[in-house]
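Student: Each chain is listed here by its residues.
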Amino acid sequence: MNVFYVCNGNELFSLDDLLNELKTIDDGSFSQHVNNEKNDFANWVLYEFNDKILSKQLSKNLDRKKMIKSVQNKINKILELKKKKEIIDKIKGEIENG
Amino acid sequence: MDNHQIFGIVALKGGVGKTTLVSNLGASLVRDFQKKVLLVDANFSTPHLGLHLGIVNPKYTLHHVLNDNHSIFESIYQHELGFHVIPGKLAPFEINPLILKERLEPLRNIYDIILIDSSPSLNDEMYATMAASDQLLVVSSPDYPTLSSTIHAISIAKQKDAKIRGIVINRAYKKRFELNKKDIEEASGVKILSVIPHNVKVVSALSRMQPVVTNFPRQDVSISYKDLARSLIGEKKKKRKFFKKKEEELSPDAI
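As you go down the protein sequences, you meet chains A and B in turn. The first sequence: position 91 = 91 (our numbering), numbered continuously. Counting from 1 along the second sequence, just add 98 to a position and that's the residue number in our numbering.
To be clear, the hints were calculated from the coordinates, so they are not data collected in a lab. You may find that some hints are simply not true.
[As the list claims (entries may be wrong)] Among the chain B residues that face chain A by a calculated CB cut under 7 Å, a handful are: (1) S246; (2) I249; (3) H250; (4) A285.
Quantities reported herein were computed from a predicted structural model and do not represent experimental measurements. Ideal placement from N, C-alpha and C gives every residue a C-beta, glycine not left out.
Model the full assembly from the supplied sequences, consistent with the hints where possible.
Tutor: In structure tokens:
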């Protein structure tokens with residue numbers, strides 16, 4: 001597990017943390033991580049979560065609001081898939097156990 | 099494909115499209131692949147296959163065959179689209195469904211394919227189809243209630259040692275809110291053979307008591323039925339000649 005150390009002292013462990021940080025981080029700290037030369041958040045998403053699609057979305061738009069939207073959409077999708085799996089497992093369990 | 103196969107079309111839920119699948123598969127197998135096909139309406143409680151095909155109030159039906167030792171040959175009707183049909187009787191009629199297999203056996207070597215439209219009821223009516231079939235097609239749609247019925251139907255089929263060819267997903271809108279192929283395959287443990295798209299032309303054709311594959315053959319739904327029919331008989335889709343010709347023109351040998 002590679003923690004992301006934000007220059008303001010915060011630590012990020014998950015996409016939820018990333019979302020919260022993007023919403024609250026000050027402009028100066030944000031610019032230190034995201035500028036024309038680099039995008040630390042996009043890199044972290046790629047190497048920590050192996051999420052090429054989200055990483056590409058974050059790299060493409062350096063606008064903070066758009067980055068927030070991309071991460072939020074990703075989290076929503078993960079929750080949706082998790083919920084779907086739970087429902088299917090419950091259905092299977094009910095049928096198998098009679 | 100082994101010759102003379104009997105496929106049972108099953109689902110533990112009414113309205114998923116079993117009968118529509120049977121009528122369209124039958125029509126496609128004849129029209130597109132020149133097979134000799136028999137469609138059997140073994141949905142004894144609500145036999146609607148005749149209504150899908152313009153056979154209304156037939157004199158002899160499968161019910162007569164399974165009740166009073168009536169000859170099965172007298173209950174076979176030739177449809178204008180080239181397949182044969184054994185319809186059911188709409189009005190209540192007492193029968194012994196479990197002799198279905200025995201009654202169908204004499205027909206096996208006459209037809210290339212027999213498709214049995216089954217009952218959605220979890221009782222002897224469905225078991226009769228399972229017993230009479232070489233393989234089952236389980237019809238489902240991409241939503242939780244139908245998935246639940248599908249898993250249940252597959253579980254019953256396995257208990258009865260019935261061989262399952264695969265699942266046919268019907269009425270798919272192909273939208274994000276639906277369950278996808280992977281969800282259904284993983285949940286059921288059975289391969290999906292085909293995803294038939296939702297198309298209003300199916301209902302339009304039904305209003306004329308005809309299969310959509312003959313009424314609107316170029317629609318995506320008709321092409322899907324044709325592809326499924328092709329897979330059932332073990333044929334592969336041929337590559338389009340246009341692309342093959344282009345490849346030849348571009349090859350160095352052609353210069």
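Student: Now look at each hint and say whether the structure bears it out.
Tutor: Do the hints match the structure? See the list:
no. : hint : verdict
1   : S246 : holds (5 Å)
2   : I249 : holds (5 Å)
3   : H250 : holds (5 Å)
4   : A285 : holds (5 Å)
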